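Residues per chain, in single letters:
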Amino acid sequence: MYKQIFNKYSPEKENLIYILHEIQDNHPQQYISEDAVTEVSEYINVPRAHIYGVLTFYTMFSTKPRGKNIIRLCESPPCFLKGSENILKKLRETLDLGLNKTTKDGMFTLELCACLGVCGNAPVMMINEDVYGNLTEDKIDTIINKIKGEAK
Amino acid sequence: MKFYRSHILIGIDNTSLEAGVKEIEAALRTELDKNNLSDEINILETGSFGYFGTGVSMMVYPEQTTYVDVKVEDIPEIVEEHFLKGRKVSRLILNTNLLKKYNFNYKRRIVLDNSGKIDPENIEEYIGLGGYEAWEKALINLKPEEIVNEVKASGLRGRGGAGFPTGLKWSFTAPIKAEQKLVVINADEGEPGTFKDRLIMEGDPHKLLEGLMIACYAVGATKAYIYIRGEYKLCIERLEKAIAQAKEYGILGENIFNSGFDLDIMIKIGAGAYICGEETALIESMEGNRGEPRSKPPFPGVKGAWELPTVVNNVETIANVPAIIKNGAAWFTEHGVEGCTGTKVYTMMGDVNLPGLCEVDMGTPLRTIIDQYSGGMKDDRKFKGALVGGAAGVFLSDKLLDVKMDYNSLEEYAAVLGSGAILVMNDDVDMVEMLWSVIRFFRHEACGKCSPCTKGNEVLYTLVSKFRNGEGCEEDLDQMIEISQAMLDASFCPLGQSLIMPVKSAIENFREDFLMKIK
Ligand SMILES: Cc1cc2nc3c(=O)[nH]c(=O)nc-3n(C[C@H](O)[C@H](O)[C@H](O)COP(=O)(O)O)c2cc1C
Ligand code: SF4
Ligand code: FES
Numbered sequence: 006m007y008k009q010i011f012n013k014y015s016p017e018k019e020n021l022i023y024i025l026h027e028i029q030d031n032h033p034q035q036y037i038s039e040d041a042v043t044e045v046s047e048y049i050n051v052p053r054a055h056i057y058g059v060l061t062f063y064t065m066f067s068t069k070p071r072g073k074n075i076i077r078l079c080e081s082p083p084c085f086l087k088g089s090e091n092i093l094k095k096l097r098e099t100l101d102l103g104l105n106k107t108t109k110d111g112m113f114t115l116e117l118c119a120c121l122g123v124c125g126n127a128p129v130m131m132i133n134e135d136v137y138g139n140l141t142e143d144k145i146d147t148i149i150n151k152i153k154g155e156a157k
Numbered sequence: 096m097k098f099y100r101s102h103i104l105i106g107i108d109n110t111s112l113e114a115g116v117k118e119i120e121a122a123l124r125t126e127l128d129k130n131n132l133s134d135e136i137n138i139l140e141t142g143s144f145g146y147f148g149t150g151v152s153m154m155v156y157p158e159q160t161t162y163v164d165v166k167v168e169d170i171p172e173i174v175e176e177h178f179l180k181g182r183k184v185s186r187l188i189l190n191t192n193l194l195k196k197y198n199f200n201y202k203r204r205i206v207l208d209n210s211g212k213i214d215p216e217n218i219e220e221y222i223g224l225g226g227y228e229a230w231e232k233a234l235i236n237l238k239p240e241e242i243v244n245e246v247k248a249s250g251l252r253g254r255g256g257a258g259f260p261t262g263l264k265w266s267f268t269a270p271i272k273a274e275q276k277l278v279v280i281n282a283d284e285g286e287p288g289t290f291k292d293r294l295i296m297e298g299d300p301h302k303l304l305e306g307l308m309i310a311c312y313a314v315g316a317t318k319a320y321i322y323i324r325g326e327y328k329l330c331i332e333r334l335e336k337a338i339a340q341a342k343e344y345g346i347l348g349e350n351i352f353n354s355g356f357d358l359d360i361m362i363k364i365g366a367g368a369y370i371c372g373e374e375t376a377l378i379e380s381m382e383g384n385r386g387e388p389r390s391k392p393p394f395p396g397v398k399g400a401w402e403l404p405t406v407v408n409n410v411e412t413i414a415n416v417p418a419i420i421k422n423g424a425a426w427f428t429e430h431g432v433e434g435c436t437g438t439k440v441y442t443m444m445g446d447v448n449l450p451g452l453c454e455v456d457m458g459t460p461l462r463t464i465i466d467q468y469s470g471g472m473k474d475d476r477k478f479k480g481a482l483v484g485g486a487a488g489v490f491l492s493d494k495l496l497d498v499k500m501d502y503n504s505l506e507e508y509a510a511v512l513g514s515g516a517i518l519v520m521n522d523d524v525d526m527v528e529m530l531w532s533v534i535r536f537f538r539h540e541a542c543g544k545c546s547p548c549t550k551g552n553e554v555l556y557t558l559v560s561k562f563r564n565g566e567g568c569e570e571d572l573d574q575m576i577e578i579s580q581a582m583l584d585a586s587f588c589p590l591g592q593s594l595i596m597p598v599k600s601a602i603e604n605f606r607e608d609f610l611m612k613i614k
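Chains as they are written, first to last, in our numbering: chain G, 6 to 157; chain A, 96 to 614.
Derived by calculation from the structure, the hints in this document are not laboratory data. Take these hints with a grain of salt, some might be off.
[Unchecked claim] Straight-line alpha carbon distances no greater than 27 Å define the calculated DSSO-like cross-link-like pairs of lysine-lysine that follow:
| id | chain 1 | residue 1 | chain 2 | residue 2 |
| --- | --- | --- | --- | --- |
| 1 | A | K247 | A | K561 |
| 2 | A | K391 | A | K544 |
| 3 | G | K13 | A | K336 |
| 4 | A | K342 | A | K391 |
| 5 | A | K129 | G | K94 |
| 6 | A | K129 | G | K153 |
| 7 | A | K544 | G | K69 |
| 8 | A | K117 | G | K73 |
| 9 | G | K109 | G | K69 |
| 10 | A | K166 | A | K129 |
| 11 | A | K599 | A | K614 |
| 12 | G | K18 | A | K391 |
| 13 | A | K166 | G | K153 |
| 14 | G | K95 | G | K73 |
| 15 | G | K18 | G | K69 |
| 16 | G | K13 | A | K328 |
| 17 | G | K8 | G | K95 |
| 18 | A | K247 | G | K151 |
| 19 | G | K18 | A | K421 |
| 20 | G | K8 | A | K328 |
| 21 | G | K153 | A | K117 |
| 22 | A | K232 | A | K421 |
| 23 | A | K421 | G | K151 |
| 24 | G | K8 | G | K73 |
| 25 | A | K180 | A | K117 |
| 26 | G | K144 | A | K473 |
| 27 | A | K477 | A | K494 |
| 28 | G | K95 | A | K473 |
| 29 | G | K18 | A | K614 |
| 30 | A | K336 | G | K94 |
| 31 | G | K144 | A | K561 |
| 32 | A | K318 | G | K13 |
| 33 | A | K328 | G | K18 |
| 34 | A | K473 | G | K106 |
| 35 | G | K157 | A | K117 |
| 36 | A | K328 | G | K73 |
| 37 | G | K106 | G | K69 |
| 38 | G | K95 | G | K13 |
Being a predicted model, the structure only gives us computed values, none of them experimental.
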């Protein structure tokens, strides 16, 4: 199932993080399933426990199904100073969603994260690979509506 | 070479990409075409200009007009007014009063001298400004030990946080006989509030590569890695392009400049963990493991990735190397102060007028940095304090505004320079809230390997939360300092050891804020 991805990387442990990144990015629910872990474990010949150890260590990986759009709001001090708490509240209300939860339609998952290195534009969040900065409550509406609109 | 009457520099970085810079640039090209101006006016993509919060910025040379927050709708007006009629569009010009308050300091820049000026995706522009001359000089005219000695003499110290002398670090690895040695660039940049390495890599990726090449030759490494955080997509893209270009030009690869020296540079991508910025954790992560720190010794310089001698240096550190080799150590030491030579790149955030980055001489006091390089305090509010050095930094009070900012001077006040992140806070800010946010960060980022850190963070978080809820008492303050002191003594790695800095400085310098919360 993951042949195409495996073909790109030699079966060495040092490629584990790359392979996991690609598997996750290519899964419509942006996570790494048990089956995937088994296949990777066979491909690079490391125990499944090692792979789970790695998966649970890095915040960018998930072992549970997630939404199409992963919102990662920065909660580090510079963004906190610029009101990330209000943005979080607004996101929860707008999406009617708790932290680390996914909307029923599978559109959004809401997560918190540490500094994204874009602090000059605090408060900041990423949705999948895109950065959104200088966030305000109004801007949240616009961004979320735009994504919902594109999905239609 | 074509002669253009004007050049339009468009800053491409995360901010402007988000603001739709690509569409704006396309609109600009179309509009120039429509007016038959494409042969006269050149569009250049460059890195960030250094200040933030202004959407898409463009700078027009030679007149040096800066337009900010440009939208697609503004393009016809800009082309018509500025380029056809020669009149500036004043409503889009960066507030000149603000700009007057901003000192770009290009004259003293070492690391960022090209940023915002050249097209980072074009190796010829870098070469045109003297790029890769130092590499050629190093490889053809200098012996590895001469380079190590020059870097030693320059007094360059690591910019990743700890300030370890770079030449000295290299001198440990250089004499080791090994089949393979490695140099690893630490581009994990996870210290909250730090984004200087991102801007160096986005704005001038070849500078990092050139420094890295020199470092490899100096210590005898034929393989190098750049370990970069997964979120820095634009950096990864630009570095990949830069590596490909350098190979194409024979600057990198096999038998470089006919010297017999081979070198290969690869990029490794992280997956989001602050602790992976610590050099031994970074090495674990490179090998495909959980990013937990190793015990030292052995130091990575002796036994690092895959047990090979591995020199780990920060992006900014290495970006200083080309200028040192090209201009000499004596030239370098004209910058900065004794014991802390050169410049420092700071990322300025919080309640200042122009958040962004600046590069100034080591030893420049915080007051000067805020007033001259960050546009002063926002809304002329009163300065209350600054968190300097990221989360693993210290809360400075206004008493230290005039202290020289360098590793040695700050140490006298039990403060640190760290990564160069400066979060400025006005008199509205509640330090209890800020300390809570810092501890929350550490509590989340502790890797779980040792209990002093894991448990210590838990208790600190509970205690600081008490103050937030108005349930704290004075003994809790003493206890917080005691716990962080115990973490300093007993934690396995510098992460757990660093809580003492923010905790102690917040409580000692801003005790009032905590006492006010006691019912
Ligand atoms: C928790 C922790 C996080 C760190 N994060 C970084 C980082 O993001 N970038 C960096 O260059 N150094 C970081 N360091 C410092 C590195 O361990 C190491 O000292 C540095 O990369 C050496 O390079 P330099 O001598 O050029 O500064 C971190 C250290 C610790 C303890
Ligand atoms: S001090 Fe903290 S980060 Fe360092 S090894 Fe211990 S638990 Fe991990
Ligand atoms: S603190 Fe939020 S992006 Fe850096």
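Problem set entry | Structure-inconsistent hints, enumerated in ascending order | 1, 4, 5, 6, 17, 18, 19, 23, 29, 30, 31, 34 and 38
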